[in-house]
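From first to last, the protein sequence lines stand for chains A and B.
The numbering of the first sequence is our numbering, which starts it at 1 and goes up by one.
The numbering of the second sequence is our numbering, which starts it at 1 and goes up by one.
Note that these hints are calculated values from the structure, not bench results.
Honestly, I wouldn't trust all of these hints.
Output of the computed footprint for chain A on chain B, the stretches with three or more beta carbons under 8 Å from beta carbons of chain A [to be verified]:
1) 139–145
2) 172–178
3) 383–395
4) 432–444
Sample of chain A residues facing chain B (criterion: CB under 8 Å; computed from the structure) [to be verified]:
5) Phe-69
6) Pro-166
7) Leu-296
Every residue, glycine too, gets a C-beta built ideally from N, C-alpha and C.
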Amino acid sequence: MKALQLTERFGLDRFFLGERTLVNKPFTLNQRRIFILPTQRGLGFGVLILLLALIAFVYNNNLAYMLAFLLGSIFFITILHTYKALAGLIIQEGQATAVFAGEAAGFSVHITNPDAVERQHVQLKLKIAEHFNLKPNSKTHFILYDLTEKRGWHPAGTLTISSTYPLGLFRAWSPIRSNAKTLVYPKPASQQIPFPETGTTQNPKGQFKKGGDEFYGLQSYQAGDSIRHLDWKAYAKGLGLYSKQYGGESSAEIWLDYGHAPGQSLEERLSYLCRWVVDAEQSGLSYGFVLPGLRLEPAHGSAHFQKCLEALALFNL
Amino acid sequence: MNRAQNKDILIFLLSSIGLIVLPHVLHLHFAVFGFFCLLLAWRFVGIWKPEYLPTFPWIFLLIVCGTAILYIQHRGILGRDGGTSLFVVALGLKLMEIKTERDLYLINYLAFIVAASQFLYEQSILMAAYILFVCGVLLATLVFINSHVANTTVALKKATVIIAQAIPMAIVVFILFPRVEPPRWLLFNDRQEAKMGLSDTMEPGSISDLGTSDELVFRVKFTGVIPQPNQRYWRGPVLTQTNGKKWWQATDLSYLRNLDKVSYSGQPYQYTLMMEPQEKDWVFALDMPVDFSSPLQRNANYQLITSDNLRKRSEFKLTSYPNYNTGDLTKTELQDALQLPGAPSEKIKQLVIQLHGYDSKPKDFINALLRHFRQEDFHYTLTPPLMEDKPIETFLFETRHGFCSHYASAFVYLMRVAGIPSRVVTGYQGGTFNEVGNFLEIKQADAHAWTEVWLDKEGWVRFDPTAAIAPERIEKNIDISRLTQDGLIQFSAANEGAHAAFNFLKQARQLWGHVDYNWQRWVINYNTANQSSFMSAFGIKDMKTMVYWMMGFVGIITAILSLFLLYQKPKPVNRTLLVFNKFLKKLAKVGLTKNPGEGARDFAERIKPELPEQAETIEAITSAFIAQHYGSRPTEVKFRRLCRLVAAFKI
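Here chain B stands alone, though its shape is the one from the complex:
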């Protein structure tokens, strides 16, 4: 039977291949995906109408098409996208030519490679479960091919059993297989999809709709005390330069050696920070990071920068102190912190005079300005009007609607007009506490901008002008629950009932967040460093020992599996036969043995002449045995009688 023409097998195989490639709809160029779908559909039709399948010249044409698509899309086959497209196109083309069982196998193997390529794009639990499921179907196809009588249920069951038995060993190897970082030359420089996130510039006037995304940026797990929500400022780029509209970082951040040493005090916070993949090399530490290790460096703005590639998830162990004093300013720093794009307008000057910016202590001016924000008609909104020209003035005197960037930039601008060194700090604020996993999740929506003012003897001090806005002027579409939870805005919420209703949902979400956190931490992010620290906890220090342990565990699992698979239950012994064998043994002593294949009756007839005195007993035993063993109604009484007879039998 040619299995390559078996309809059931083909339907099974083609369906599983469809399932394997399906998630690539999100990653591959539509031409590649469309080309594959066309081929798959064609092959499906071919199951019932084999005459529609392409013949040689057509196949050649299709190969040319596929190559052209690959070339146009990626200009090559190296790298993640190129390689994936190559395998998907190859899989599609191979579908057109299924002649022998070997082709089925080749397609199956290609499908496994495409399955692995899914992980280069997404590594969530759901994707892993999905791929595991599809791999089960692919294996079932192999079972199907190797079965005498094709049966879907049997094949699926067998594949499931095999996978279930293989998982423990795979896990052991996964944990103990030494992870080695690939050499640099092997890394294909893939341009990753631009991740949404904080940028190193800020231009509040040109944004009319600040989208809030639930995308995770990083997670933090504290060992010990967790800071209060209003202490959770995760420091990102510090923007000192402005042209009145746009804010950006100072280009020279290397005046490190002129900086005063930071003195810090108070309760330290120790935590592990796990960054999701991102483009920038910023690590968002809690103000003020003090202890950090190798790939991390603190730049002149006290922001942590890593020299490592952050496109993968990475983990950092950090310690921060909430109370710190940065000391004196350097000349450059002072210059940067007072930089203005030109003389301020009269209106601005008037405002500064009105708030006693020129004639009071910096702290008094700051308080006056914050009070101004709170008492005047300032609104917090995520959809502010566009302020193309003179954004700060427009915001302060006309629109008075804005989000954190508007407030921070206006605040810093007014400070500088008053001659107080100040700057905008961007980063994230707050974070959702996951009660199940005991960690903080910081999402893209937590992005924030605040300010720092340099005060004599205190150094850089943080002020958050956004927190000064009156709560009743916060727009309805903003997630109030988060803002209140973060302590950004304090007011008595009247919607506690609604909170209770969402409690269950929240808990479920937190549980999922916890599972996902552990998945990311222990599975996805299990790298060289993780592995060696995990292994040394068990006293395994070097790679060699690790390999020995791996082999040992694999051996143990093999032994258990072999026992489990190969152990046969002892067959129930027929007691009648046992008794009869005893009788035969007695006869064997005098040299009378039953030939194999000789019936009990024939044997009895043969030996009777040899033992004339015992002929009667032999006859009785033989009849009793035959009646009990072959008879239709064996009884306990008959069996006892046979036992007695054999026991009494003596030669």
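If we strip away everything but chain A, and leave its shape as in the complex, we get:
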């Protein structure tokens, strides 16, 4: 990592939000990234030490002095121990998968402990805190969830790794401002509406008007397959869960056009459009996709599906 300017190093935002420079590579927590401050309990401990010193002073009692000084030293040394609870951990942020708005986006984080000491009670927090111990020379992996609300790019924000081990008097923490982000698709409308009947759906050959309903085989069930296509008979026989595949996908074409989507606002329309895309993909239709300024020829499959959703997520942003 590039050395920071002195003024940058003392920037307050670093203190709360972490490094300004975002890195994708794994990085090690060191003195530059770890902050330490006494906790409320630590301040209480300070008051305790003062009280003990006062007792020692009033009674001129050397052993009470000694106890106060011992606790003072312990307080001081705890700074090092708390720092050590985090120092040296290697953090790498992994992939985040796209989600629909309203769902929780999961950001994966890998944490490696390269040292021969066990890390005790480390807390990793995005929105919800995770606590863990990390054995010497070992790795762990977490997926931290964050609720999404709006479509578009959703940044992971500041991830905080912290520890109050061993005495809870100090909290060492490192705010990690990651550049991990995930794409949030519009929330599909909850209400199912029929596909738009437009001229563009017509097949030039005029065949298979209601294409896509010719059964041609079975395929093992995959998440996202329409429940209507499940082969319940096979399931009842205990053969496992299969989806019925219908032929003629290429023959049926619909056009999902922003212009035909119901709704008052942009978001509402996008939401209906999104629902159409999901439904069309699930029912195996070949669908074309039209947004102002974008036109995707009718196709089918996850690549096409992704493209449409991405376009929806980022439209007009």
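Please arrange chain B on chain A, whose structure you already have, making use of the hints.
Just chain B now, kept in the frame of chain A:
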């Protein structure tokens, strides 16, 4: 997980709190201690039966109870006893309400305060070690609370490590932290427990059992020559007034300016005297103290008095001369030294006549009287019969059993009847020499009473009538070994075998005495004066320099600790990877870099088309690397081959 409900943590915390408060059983009123024990036991039950824990109205009632107990016992919360009781009761009450982690911390902190309060009562090494141990357990509780997986051994180990690392810094701060005497208004006037010790009156006839206690009164360390046992008379109050039964000090000791200057000669004894806490302001100096400094004053009876508070251990540097001449008597002194409670009886007069008290020189009479004690059937006992009426007569003619006070009072009485100025001196005699620490320990059992007779041209001269008793008439239950050691009584002891048997025990005791002496001297009694003299030995003169040194040392210790704690061993470098990196570096020169996350094989496939002539070598290196780095059987031969290949690789 709510740690406040964790059984292990609660058991751990409650046990350590029990340990912290336990020694207070000796100091606190039984009601306070009992109240605390009740609450602790209640809380212990509550670990397994939470439904038995008190709810709000009950807690309120308990608080009222606690307050009432505090009020009745101490009428306040200030001062040592009151404050300690307050914290113990508060700790007990807080135990009833453990809801959150914060409560656990509060209890822990209160426990530390109670631990410190133990030191206000006792400052022995054993107590210090005990408190250190319990503090370790308290810290372990904190580690416990802050652990993800609670584990007693790990927590205790961590706490021990932290304490061990904190001790050097604490010691440095202890030595260098400037000690300032607290201002007067801050001193709570605590009534301390009455210490057993010498009193300023003596009434031998009313004592039937003189207990001997092993309690330490003071210690003396000599620089240079140590006086012979029969020279070791530690001077306390001088009793001149008597009513025939009771002896006491003259109330007016201020006729100082009428006194003759003491002339002294001979070998001076220089020594440091360390008094244990006591109620009186007497400092027991060796006869005759000559050099003494500020808080000390010598009164008309040549006894040292301090204006300082002796309730703490204090140290005095003194010089005494064994040979001295006090010179002439003043009128008041003479009057005091001849005072009698009325005309003596015929029997007494007869005795004085018989011993030629009226018609010989004072010295001859003294010798005659001492001979009388030795030759007649006088016994030394610690359990004499009661002599309520006319104790001196009863002792001289009837019982003839007594201890030093009986002999001293009878001796002085007879002297005065014969018209010789005399008085009783109380104090301590002898002392046990600690060979390990090279100092004398004077215990309560060494308390003694002797006499002084004023002789013309010699001044006050010491006589010890108790020493005149024949050894075979000393009672068996008296510690003969001490009496002989002190030179008080000389006779050939036949029990040398027994002495040898006790030698080991004696040595152990002396070693402990030595350790304890140094503990008292350097730790407990390390005060403003001690500190500044200790510091000036290192050239540190003022408080500011002291603070600078303290900060410097703390900095050094921090640096050492940080190095020790934060230094990481460099990881063993994988040499195969090093060689492969060399290969990658060569490729990087021509702009071919491996992307992070790209495998060696993928990388090779990607660059082969770029470097068609080298494709074979690249393939060979990649395979060799993969075989050596990831393969199940890396060998030295394979590694050499990889090295050769990479070395030969040129673009």
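Each hint tested on the structure:
1. Note: the segment 139–145 of chain B has 4 residues with beta-carbon separation from chain A under 8 Å; the three-residue rule is met and the coverage holds.
2. Counting residues of the segment 172–178 of chain B whose beta carbon lies closer than 8 Å to any beta carbon of chain A gives 3, which reaches the threshold of three, so the coverage claim holds.
3. Under a criterion of three residues with beta carbons nearer than 8 Å to beta carbons of chain A, the stated coverage of the segment 383–395 of chain B fails, only 0 such residues being counted.
4. Beta-carbon proximity to chain A at under 8 Å applies to 0 residues in the segment 432–444 of chain B; the threshold of 3 is not reached and the given coverage is violated.
5. A hinted interface residue such as A/Phe-69 counts as satisfied when its beta carbon comes closer than 8 Å to some beta carbon of chain B; here the least separation is about 4 Å, so the hint holds.
6. At about 5 Å, the closest approach between the beta carbon of A/Pro-166 and any beta carbon in chain B falls short of 8 Å, and the interface hint on this residue holds.
7. Below 8 Å, beta-carbon pairs count as interface contacts, and A/Leu-296 has none with chain B, the closest being about 31 Å; its hint is therefore violated.
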